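Following the hints, put chain B with the ligand in place on chain A, whose structure we already have.
Chains as they are written, first to last, in the numbering used here: chain A, 5 to 331; chain B, 426 to 770.
I should point out that these hints are in silico values taken from the structure, not numbers from a laboratory. Predicted, not measured: the structure shown is a model, and the values here were computed from it. It is possible that some hints are incorrect.
In silico BS3-like cross-links for lysine-lysine, where the CA-CA straight-line distance does not exceed 30 Å [what the hints assert, rightly or not]:
1. B:718 x A:240
2. B:517 x B:506
3. B:745 x B:506
4. A:261 x B:571
5. A:240 x B:506
6. B:506 x B:521
7. A:240 x B:578
8. B:578 x B:506
Going by beta-carbon spacing under 8 Å, a handful of chain B positions derived as facing chain A [claimed, not checked]:
9. 566
10. 620
11. 649
12. 650
13. 652
14. 655
15. 683
16. 690
17. 704
18. 705
19. 710
20. 711
21. 714
22. 732
Glycine included, every Cβ here is placed at the ideal spot set by N, Cα and C.
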Amino acid sequence: MSRAVFDWERPLVELESRIAELQAFSQERGIDLSGEIATLEERAARLREETYRNLTAWQRVQIARHPGRPTALDYISLMMEDFMELHGDRAFRDDPAIVGGIGLLAGRPVTVIGTQKGRDTKENLARNFGLPHPEGYRKAMRLAEQAAKFHRPVITLVDIVGAYPGIEAEERGQGLTIAESIRTFSLLPTPVICAITGEAGSGGALAIGVGDRILMMEYAWHSVISPEGCASILWKDARQAAAAAEALRLTAAECLKLGVVDEVLPEPLGGAHRDPRTAASTLKQALVRALSDLDGIPVETLVQQRLERYRRDRSAGWQRHSSEAGL
Amino acid sequence: MAGQQRPSDRGFFNNLFSRPKYVTVHPRRVNSQTPPSGAGEAEPARTQPPLPGTPTGLETSAPVRLPLTPAREVPDGLWVKCGACGQILYTKDLAKNLYVCYRCQAHLHIPARDRCQQLLDHGLEEEFAAELTGSDPLQFPGYREKLEQAQEKTGLREAALIGRGHLDGLPVALGVLDFSFMGGSMGWAVGEKISCLFDRARELRLPVILFSAGGGGARMQEGVVSLMQMATTTQAVARFSQAGLLYISVLTDPTMGGVYASFASLGDILLAEPGARIGFTGPRVIEQTIRQKLPPGFQTAEFVLKNGMIDAIVDRREMKETLARLLRFHMRPAQRGDQVVQGSV
Ligand SMILES: [Zn+2]
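The following block holds chain A by itself, in its conformation from the complex:
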């Protein structure tokens, strides 16, 4: 597993590796070090709590971007019994930054669409860092409509800092395509469940982030812009990203409070990358639960409820939020 380490968790990670070394050493030599190891483990547990229980918004953003964080294809392979990827937008090309296909989740056929980041530089170049072009969103719309035709629910896995900012993307109508994608998912006559697994920034995320249920992983972030983008535009200084992350209220807990997401899914302490299997199992359970909640609702009612929810419940959420603050 990729173990990039943040400065603020270094003491913990060093302690953890010392414990591992001691364990290996004691096994190798047959020396009983259980006393020392137990003491160190106690210390590690305490340190783990201290390190991860009171993370700042910016630290959470960093965890959401951890190179070892499970990607859409990781979750798909960990959660689903079977999956076949389907390619292409039928108009221009196949966008590798968005993956999609049909598979079985707890025995049930579903369409899954997700943004796909790479693990290393080579993969990231191939995947364009998970930043879609318009054809990626067109592929997403195509697969969503195909799912609706066959009464399959749609699951989207969102992990994207934003739509690709490039010349060709603009030429091919990035903004217009995102608008169309938001409209398509808003009106889609089949259940749509969105899971924000990592980053969810700007319209590029919202394009596949509108649905009946919005789930969000504990260390994921969701906002109109990345903290760096916000800092460099508002304060002309990208180094103030930490302050911007705080001001934007982009953490899962804040998004839940604002009524933007419906459920926050707990992650293994320190982030999904520390235990992808557990993270995937939590996500799978939540998806299965959400799917069964939506079972049996006639599609007209489903779409009606989806639209009403965006308008009423959510705006009530942020009005409440600002009135609590005495505004």
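Okay, now just chain B with the ligand, sitting in the frame of chain A:
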């Protein structure tokens, strides 16, 4: 429309095949020493690369994004300088020319109320959701002060003005984003107003004409709440559209980001004013990402027309008659006598 100067040399197909003669401009005040305080929108000012053969006046000083003060509030004798050609213009003449520079034909920013006056026979006969005003859902540092400053400066409560009136005798619902109010950016209040425009128009069975000028798109200080407005406005347009009613979206300078990537793109007909900046990602961000200079004319109305993203470019001084023509195309023969525009059913 008497008393207006017309562009003298319009080419075929909105000049698609001739060298573009319009550039996007940022008018500035001549006598103002303090820079305007309209910052806060997601895309900062950009100096547009001057088009060949077009005197822009931008080479010498940075453009300032400040719309001209509405003509009625300007005392006699105030002159302004066109941000595009650098010529000194008499404010009264400029207002009479619908804020199109009478020297270089650049379409300067026009205040929302002037836009309504210009398009509607009797102005806004009813303003919808007039009381709706912005809140500060995230308690974002400095945001409330910025909102108050913008309200004071523009006399508007928010960046959107919506209502109904008559256009060439035809009843319409009209929405206008005002660039001078925090760059026309969309937070909760603007999103709610846009949604309200489409909801009311659906109830009243009126066509919607909407002028977008949302410089930075979604308003950053409202974070994910402003992002959600992309969903709510898109959904309001979708429901309106399902009722078979007509929506004409006019993209004016600048229509970017979350405004472009939601309701502004979803018109049955998409028009743009000459030279308007239209796109999703701001040019500065693109340049930083791809590390190269953008080609001249990138993300202009002419650029998106060429790429097939809009239906036509319309000069502001021909906007009213163009809209009237389009509205009449959507009337059933039986309705023409009643002067009621509905969707083709
Ligand atoms: Zn001029």
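Practice item. Report the numbers of all earlier hints that the structure fails to satisfy, in ascending order. Key: Result: no hint breaks.
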